[in-house]
Amino acid sequence: MDANVVALFVAVVGMLGTLTSPVIGQRLAARSRVEERESQRHDALEAREQAWSEALLREKKGAYITFNSAARRYRAQLMTYLHAVHEKTLDETDRAELAETRGVYLSALAEVQIMAPDEVAVSVEAVMSHLSSAYDAIKALERGKPKPGSSFEEIRDGLMAVWDLWHTMRRIIRVDLGLEPAGPAAPPATTASLEPAVVLEPTALPGPATPSVTPAGERSPNA
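Residue numbers (the UniProt record's numbering): 1 to 223.
Take every hint as true, because none was put in to throw you off.
The calculated DSS-like cross-link candidates involving lysine-lysine, where the alpha carbons are at most 30 Å apart (straight line), are:
(1) K139 with K88
(2) K88 with K147
(3) K88 with K145
Ranges of calculated distance between the beta carbons of each label pair, as one might list FRET restraints:
(4) Q40 with E97: 53 to 59 Å
(5) L90 with E49: 50 to 56 Å
(6) L179 with A99: 31 to 37 Å
Keep in mind that the hints were calculated from the coordinates and are not lab data.
Quick reminder that beta carbons are idealized off the backbone N, C-alpha and C, glycines included.
The task is simple: from the sequences and hints, build the whole structure.
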């Protein structure tokens, strides 16, 4: 090949490179900006999902703590009320305290039923069923018309048996919150000799749930 032709070819190639280099550079820069924006959108989406998950977890934890506190206080108040009925010392103060405690409990129950997944809801339902049965049985005993199988001793034993259900519920809640790994199912909890529960409609009562205080002489579940 003639040296002049080679020189011309090299010059043309160099010129084309000079002309196309800015275009190629712009396209590469544009592609880089698009990829960067996509990465930013992806990161923002992940951040929103993470924030939503954390907020949901906080709300569930709050609902579980509120329900646990309110239900324990309600169970303790039912036990106190039962003894007052049995010992014939019941007065209006006892009735007012039970009504208030029950209202707080039902409000907490309504919230946890909305927040809890199915497995937790089932364990909550078991506790609710026992407490509802105990309430109905105590009221019948107060009216002097006790239900079959609902003597003072049987109602008292039924309220004590709620602790077994509590341990099961506590384990399931801890698994749902990621505080312990899911393990084999716990053995069936002891059931009380009470009639099937009447499902109570939750009704809200203003005011936060009061932290429970286990009365002296009662057996408390492990923290």
